[in-house]
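Q: Read off the chains here:
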Amino acid sequence: MTSTVEEILEYTKSVMWREGIVIEYSSSEPIHLVFKCLVEISEKITDNILVLDVLDILSMLKLNLDIAGKDTSFIHNLDVIKIGGNIKLGRIIGYLDPHQDITVYASKYSKILREYYETHKNIVYFIFGMEKLVHLQERKEAFELYATNYTRYVFGDEERVGIYFINRDIATRSLLLQVEEAASRVLEVIHEEGTLKIKIRKSPRLDDYGKEFKIPLEDLCHLKF
Amino acid sequence: MKLQLREFLNDIREGERIFIEYESTSHPELSLDGLVKWSNEEGMPLLIVDMLDTFHLFVQQLRFLGYSTHHLENLCVIKGGGKVEFGKVIGRVRIMEEFYVQLKEYTDAVRLFFEKVKSDKAVIVFLGTEKFMYSFQESSYRVEEYFEKVVRSPLFKGNMIFVFALKGLMSAQVKALWHESSTRVLEINGRGDRFFIKKAPKLDHLDGVIEL
Chain A
1 MTSTVEEILE YTKSVMWREG IVIEYSSSEP IHLVFKCLVE ISEKITDNIL
51 VLDVLDILSM LKLNLDIAGK DTSFIHNLDV IKIGGNIKLG RIIGYLDPHQ
101 DITVYASKYS KILREYYETH KNIVYFIFGM EKLVHLQERK EAFELYATNY
151 TRYVFGDEER VGIYFINRDI ATRSLLLQVE EAASRVLEVI HEEGTLKIKI
201 RKSPRLDDYG KEFKIPLEDL CHLKF
Chain B
1 MKLQLREFLN DIREGERIFI EYESTSHPEL SLDGLVKWSN EEGMPLLIVD
51 MLDTFHLFVQ QLRFLGYSTH HLENLCVIKG GGKVEFGKVI GRVRIMEEFY
101 VQLKEYTDAV RLFFEKVKSD KAVIVFLGTE KFMYSFQESS YRVEEYFEKV
151 VRSPLFKGNM IFVFALKGLM SAQVKALWHE SSTRVLEING RGDRFFIKKA
201 PKLDHLDGVI EL
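For the record, the sequence lines run as chains A and B. So the first sequence is residues 1 to 225, counted in the numbering used here. So the second sequence is residues 1 to 212, counted in the numbering used here.
Quick caveat, the hints were computed from the structure, so don't treat them as lab data. A hint or two may mislead.
Stated by the list, open to error - What follows is a set of in silico ranges between Cβ atoms, one per label pair, in the way DEER data are often shown:
#1 A:His99 - B:Val101: 30 to 36 angstroms
#2 A:Asp101 - B:Asp204: 39 to 45 angstroms
#3 A:Trp17 - B:His71: 40 to 46 angstroms
#4 B:His205 - A:Arg139: 39 to 45 angstroms
#5 A:Lys44 - B:Phe99: 49 to 55 angstroms
#6 A:Lys211 - B:Met1: 27 to 33 angstroms
#7 A:Asn86 - B:Asn74: 48 to 54 angstroms
#8 A:Ala142 - B:His71: 32 to 38 angstroms
As the list claims (entries may be wrong) - Sample of chain B residues facing chain A (criterion: CB under 10 angstroms; computed from the structure):
#9 Ser24
#10 Asp53
#11 Thr54
#12 His56
#13 Val59
#14 Phe64
#15 Leu65
#16 Gly66
#17 Gly81
#18 Gly82
#19 Lys131
#20 Ser135
#21 Leu166
The C-beta atom is built at its ideal place from N, Cα and C for all residues, glycine as well.
Bound-form chain B, shown alone (with noise of 0.2 angstroms):
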């Protein structure tokens, strides 16, 4: 089955998160920009959760593709780490204190967010958590807590989420953890104009293709 990026995201109901996996050479900020811009149009306000400036990455990436970049310049950001200002940072997590004054600065945040935009249904969208993970995925038990406390948190019960993940750095069980707790799983291929889709609720969209 062929589909347009569009068509998919229409598709997506509130509640559901999407995790997308993409390789080190494809550009994955062509389907970011997408995404955004289908925001805009359904008036669906978004947020960009950046750890270590993966969003400053796919910004930069647009600029080098001829794209403009001034509709990613009013997006709310939470930054996990990174130095990197874009977009309008309403908050930070300091990764290198311990998880729970993590846990409790980007929960603040996100409230912040969700009052800022007075709205209770938004996209939100995780770049650069992988890389995040990549230093305490050894421990199993940090993991598991992890998807507990921050990837099903109770804080995003009726908004889409979006994961872009870089493919090769997350160990067996993160990436397990990751197809399981979403509902959708998509693979982007070698440009990053097309996505594979690996797992969706309805069958007839599975291993179809999605196009920008």
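Looking at chain A on its own, in the form it has when it is part of the complex (with noise of 0.2 angstroms):
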């Protein structure tokens, strides 16, 4: 049965502040649209939308939708960390250079993030890309203990909610099952026949397990919140 915009929305309504959710996708889903549709959502409750484009995530998105024929003109009001790349979208808070040690990023990263939550309140925070952060390292262990234990420290800490993207099939295994059991919720994003399925793997709503959204790919394009 096709879920209905009203559906998703009371699923969206029941998320709490301080939640981090992680949204598992692989290569060929259409996630700049899920993207579209969560900012459009998010854009309902709060002016402070922050987005963390590693290796220029954020351009792929914005190509994806401006070839779909949508407006893009909301990344331009997104606060933007930047972690490597070179294509400049939205409010640039801060750069990191991903080539560098992560022991030496890691603290500039949470200098920045401090310094936005202290004059922020109510932040919906997209991270993209954690699980290609992993590759740029020597030591992938050093990244995954570093990167782990962060998750760890933020969950549950500010008046904000995290929403992690995460390529299943690109993370190593040890991230992604350590950021999935940080997360309040774990959503997988699956496209199979003409339908986008969005499976809830994980919920602080112990009725929630085993529900899926349906949505036909055609009406995606059309979903208004």
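Two chains, two frames, a set of hints: combine them into the complex.
A: Set out below in structure tokens:
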């Protein structure tokens, strides 16, 4: 059965501040549309939308949205922390070089984030590309340890919702499992025979287990929140 | 066989080790909550050995589930790595130090706990050990050494040990050693409100289910 906009909104309303949500996808899923829908929903509750743009993924999302004929002007209003990459989009509040040692850029990252949290409240934070950074380090385990430690440390700590987009085909198993563990919700996006399925794999509401949303791909382009 | 958590806990004898594996998407904190409440009612002191802020994760998840976490605030905690202070932190283990320094800091903290609670019986809960071991589990020698000096440590004679571990991180050797060194092995189902008994000293418990 196809899910309605009301059902999706109803579900997003159950999300509490301070939650961490993992959204898992593979390289062929239309996450540019999922991202746009989530930004539209977030704009209803806050002006403070922050994006972690790792290795220019934001420009890939914009490109896909442009080609699909969607309005991408909302991207100019996003606050952006860039890690690597060359294409500047949104209001850049910090830039980090991922080719440095993780211990060096991680402390800069947490400083930028702390300053942002001090001046902004009710933040929706879209975190893209964490799984790609692992591969830029000589010692993968060191990155995994640092990144997962940090994810655990910030879990539930500020008035914000953290949304981790993770490409499950790129992520190392250790990173994926530990980020899932340190999240209150895990959703899986799967594209199957003309339908986009969003499976709920983890939730603080135990009744949600096993539920899924189904949206026909043709409707996904026209969803209005 | 179906058991309530309480029935299962009442069946455990001193000196046992119980290994509990959970999935990244389940709620193992529900069983920690049950275990702490049980130990309070039994008047058994409880110590948390918390590696890499895993205890903090469990507490936050309970909050999102709508549970009160007051009864966890007074628990004694030994922290290995991690930054979040929750509970009464009675000792720290610097995990970047070499093994024998870690071992000393750890055994000192455990002794301090037994002096503090004035009891020689306790429930000891290990959280996040699998994350810590992940960093050295390619070395089968170090894994064996860890089991000899830490897991089977005589410090814990007469106590009940519960080890919670995230599934999928452990090497085959680590997992096999935990299973062998434990008297009971449990697996938590998808949501976290049921366990499956994978190993038990009494055969009628084997393949049984525990409900919260």
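Q: Give a verdict on every hint.
A: Checked hints:
no., hint, in the structure
1, A:His99 - B:Val101: 30 to 36 angstroms, "holds (33 angstroms)"
2, A:Asp101 - B:Asp204: 39 to 45 angstroms, "violated (55 angstroms)"
3, A:Trp17 - B:His71: 40 to 46 angstroms, "violated (24 angstroms)"
4, B:His205 - A:Arg139: 39 to 45 angstroms, "holds (43 angstroms)"
5, A:Lys44 - B:Phe99: 49 to 55 angstroms, "holds (53 angstroms)"
6, A:Lys211 - B:Met1: 27 to 33 angstroms, "holds (31 angstroms)"
7, A:Asn86 - B:Asn74: 48 to 54 angstroms, "holds (52 angstroms)"
8, A:Ala142 - B:His71: 32 to 38 angstroms, "holds (37 angstroms)"
9, Ser24, "holds (4 angstroms)"
10, Asp53, "holds (4 angstroms)"
11, Thr54, "holds (7 angstroms)"
12, His56, "holds (7 angstroms)"
13, Val59, "holds (8 angstroms)"
14, Phe64, "holds (4 angstroms)"
15, Leu65, "holds (5 angstroms)"
16, Gly66, "holds (8 angstroms)"
17, Gly81, "holds (7 angstroms)"
18, Gly82, "holds (7 angstroms)"
19, Lys131, "holds (7 angstroms)"
20, Ser135, "holds (6 angstroms)"
21, Leu166, "holds (6 angstroms)"
Comparing the model with each earlier hint shows violations of hints 2, 3; every other hint is respected.
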